[in-house]
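What follows is the residue order along each chain.
There are 2 protein chains.
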Amino acid sequence: MVITYELQKECPHTGARAGLLHTPHGTFQTPMFMPVGTQATVKTMTPEELKEMGAQLILSNTYHLFLRPGADLIAEAGGLHQFMNWNQAILTDSGGFQVFSLGDMRKITEKGVTFRSHIDGSTQFLSPEVATQVQMKLNSDIAMAFDECIPYPADYDYTKASTERTTRWAERCRKIHDSKIQGMFGIVQGGMYKKLRTQSAKELVDLDFDGYSIGGLSVGEPHDMMNDILEHTTPLLPSHKARYLMGVGTPDCLVEGVARGVDMFDCVYPTRVARNGMAMTWQGRLTLRNATFAHDWNPIEDGCQCYTCKNYSRAYIRHLYKAEEILAFRLVTYHNLYFLLEFMRRMRTAILEDRFPAFREEFWANYHKK
Amino acid sequence: MVITYELQKECPHTGARAGLLHTPHGTFQTPMFMPVGTQATVKTMTPEELKEMGAQLILSNTYHLFLRPGADLIAEAGGLHQFMNWNQAILTDSGGFQVFSLGDMRKITEKGVTFRSHIDGSTQFLSPEVATQVQMKLNSDIAMAFDECIPYPADYDYTKASTERTTRWAERCRKIHDSKIQGMFGIVQGGMYKKLRTQSAKELVDLDFDGYSIGGLSVGEPHDMMNDILEHTTPLLPSHKARYLMGVGTPDCLVEGVARGVDMFDCVYPTRVARNGMAMTWQGRLTLRNATFAHDWNPIEDGCQCYTCKNYSRAYIRHLYKAEEILAFRLVTYHNLYFLLEFMRRMRTAILEDRFPAFREEFWANYHKK
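Chains A and B are the protein sequences, given in the same order. Be aware that the first sequence starts at 1, since it is given in UniProt numbering, and climbs by one per residue. Be aware that the second sequence starts at 1, since it is given in UniProt numbering, and climbs by one per residue.
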């Protein structure tokens, strides 16, 4: 097994836990947030900047790389690490989420999913076998089993049928995957039905994956429902393996996910909103284009130790946005990722120092969700 | 005088010379290329990256900053250096070139130029006095006198009248400019008429500027004509002051400009073509989007010591362009600027080592102009 999880500390009052994730490209601290590098680059950032801000694993998307530049080209480079100049760990998703998001442009059968490329409209096919082979060619540290991400809302019968197919697909992935060179996580589905979450978790745990993702959350359901399903699901997973909540990256969801025993998160949120002029802070979001910042000579967040906050004012960054300068995207992407990585570091420290509930309480007292 | 030029070495066979430019923000080596930071940022780059690649002075545009965010806002920040986090020297142009490029959207009188803003269509006014005051507020190290950049072709009478007005405007700039806190260069005009170049140079030298720009070249005339006018003009300028050829930044023009005694150059060329997928090399340009680079695992240029060439393949950079990723712009902007700065360093070394003619010959033997 090339991916192992080492539990270091459990919060006695919540499900929160601190640990270490051992990978072929180093050992990393959990709970962790993984910046997303969809097309073999974390948008606007260099690998050196990501390391400087404390990034550990990054995520890259199989769907996008499969279509462009293609897995064979990346294999020719020696794998994704070499291709993109990133020597820490990489997790690849299975492509499932993206193809199911295509709506009318895809067709699901037991065999796999036929879909139209968003790039050139060509007909493409992904299946458990193809997604696994592609991820092996990419040579990521952690691959994901190919699953269906069930939309919200979905009725019980559809959810049950889809969840059971995800299990059958997980078996097919496991069968052809070489776990001696790459880890693979199974993805628990089951929609908003606890009974189906229980069934999915049990079936996937039986397949003995190297870790477990919780999929099909943060797809439009109310936050309370997400937290409820999460609270139900994580205890069903083995405590000696990592747990990864997919597609979640706002501070409020991260603190509540950690409180329910999640170790890993990813989301395009911090990088995407940066390009739209939004900065993340401990108090909530700032819309940096607003006129209110025109003469504001403070950094994005007082006391923040990131490159952006140590060197630039809100007024200058606002100017860069108004002038449509790429440096605006860079500076705020840097800040937002730093903020989330620092957020995770502080949660981890709080867990290790037995004060996670106080951290969580203080967070909610200061944070204004917008 | 806050700006002084120290001549170190003259090539015995050409007009080439090596020197030092002393500024309030340090002493820098000539001949030099100045990266352009139009809107208070060298597009896609941070100040640290510019320093790392060996940038010395950068240029910023009065026209753009005057319109957005406005000189008063930058003065409020403590000047342009503080505003944009750049602690080396800055040269600002006068805005003349940009307003004259507006064509039908501007009207010239003896008093100054009334024009429509390209941002919001509002009516604006620039004159020798306004351009000088704006540049003093920006607090650049070197300001430019407000001139008219004469288009090519232009008849003798128009050129004579315009050139003489540029002299009168230069007098007005000199009159209100405070040369104890900021240097100011006069701009020699005269179009393609040597007689008028002689007249312009003489009149401006009489005004005793801190350095002299050669304007109105690289505006569409044949290269031979540019070199001919340059060869005529530089000997008319005092050898103990810096000479700056405005808006020129391709290797072929740089080597011929240096051969004719120019010390300073600026151009958006290396940064602009980078965003269009063009990389500069000692052999000429590469169009990195081309399919020929899809499987090319070499760096942009073998042996180049820049960050990009040390870490990334042509195939990866091509992928980034095809995927429209900002990192493509960053990596190639970095390379192109590094290339030009290194090009200038090698010319300087060649001059200092008495082998500039050999450098020039070797350059032309390898370079394929496209």
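Careful, some of the hints might be misleading.
If several chains are the same, the list does not tell them apart, and a pair holds so long as it fits within one copy or across any two.
As the list claims (entries may be wrong) - Calculated pairs, SDA-like style, for lysine to any residue (alpha carbon to alpha carbon, straight line, at most 25 Å):
(1) 180 to 130
(2) 202 to 114
(3) 43 to 202
(4) 194 to 29
(5) 310 to 77
(6) 160 to 352
(7) 43 to 311
(8) 137 to 292
(9) 51 to 101
(10) 160 to 129
(11) 310 to 48
(12) 137 to 311
(13) 322 to 105
(14) 310 to 124
(15) 51 to 10
(16) 51 to 311
(17) 51 to 305
(18) 322 to 235
(19) 51 to 269
(20) 160 to 304
(21) 111 to 363
(22) 175 to 152
(23) 137 to 297
(24) 322 to 117
Bear in mind the hints are in silico, worked out from the structure with no lab data behind them. The model shown is predicted, which means the values in this text are computed figures rather than measured ones.
Okay, the hints, checked on the actual structure:
1. 180 to 130: This pair counts as within: shortest intra-copy Cα distance 19 Å, inter-copy 71 Å.
2. 202 to 114: Intra 29 Å, inter 76 Å, cutoff 25 Å: neither.
3. 43 to 202: neither (37 Å within a copy, 53 Å between copies)
4. 194 to 29: Neither. Shortest intra-copy (30 Å) and inter-copy (71 Å) distances fail the 25 Å Cα cut-off.
5. 310 to 77: For residue 310 and residue 77, only the inter-copy Cα distance (15 Å) is at most 25 Å; the intra-copy one is 37 Å.
6. 160 to 352: Answer is neither: 39 Å inside a copy and 79 Å across each miss the 25 Å cutoff.
7. 43 to 311: both (21 Å within a copy, 17 Å between copies)
8. 137 to 292: between (49 Å within a copy, 23 Å between copies)
9. 51 to 101: Neither: 31 Å inside a copy, 44 Å across copies.
10. 160 to 129: Within one copy only: 22 Å inside a chain, 77 Å across chains, cut-off 25 Å.
11. 310 to 48: both (18 Å within a copy, 13 Å between copies)
12. 137 to 311: between (41 Å within a copy, 21 Å between copies)
13. 322 to 105: Between. Shortest inter-copy distance 23 Å satisfies the 25 Å Cα cut-off; intra-copy 36 Å does not.
14. 310 to 124: neither (47 Å within a copy, 36 Å between copies)
15. 51 to 10: Neither: 27 Å inside a chain and 47 Å across chains, both beyond 25 Å.
16. 51 to 311: Result: close both inside a copy and across copies, 19 Å intra and 15 Å inter.
17. 51 to 305: both (15 Å within a copy, 22 Å between copies)
18. 322 to 235: Classified as neither: same-chain Cα gap 48 Å, cross-chain 44 Å, threshold 25 Å.
19. 51 to 269: For residue 51 and residue 269, only the intra-copy Cα distance (19 Å) is at most 25 Å; the inter-copy one is 32 Å.
20. 160 to 304: Answer is neither: 46 Å inside a copy and 58 Å across each miss the 25 Å cutoff.
21. 111 to 363: neither (46 Å within a copy, 60 Å between copies)
22. 175 to 152: Answer is neither: 30 Å inside a copy and 72 Å across each miss the 25 Å cutoff.
23. 137 to 297: For residue 137 and residue 297, the Cα distance is within 25 Å only across copies (17 Å; inside one copy 48 Å).
24. 322 to 117: Between. Shortest inter-copy distance 15 Å satisfies the 25 Å Cα cut-off; intra-copy 34 Å does not.
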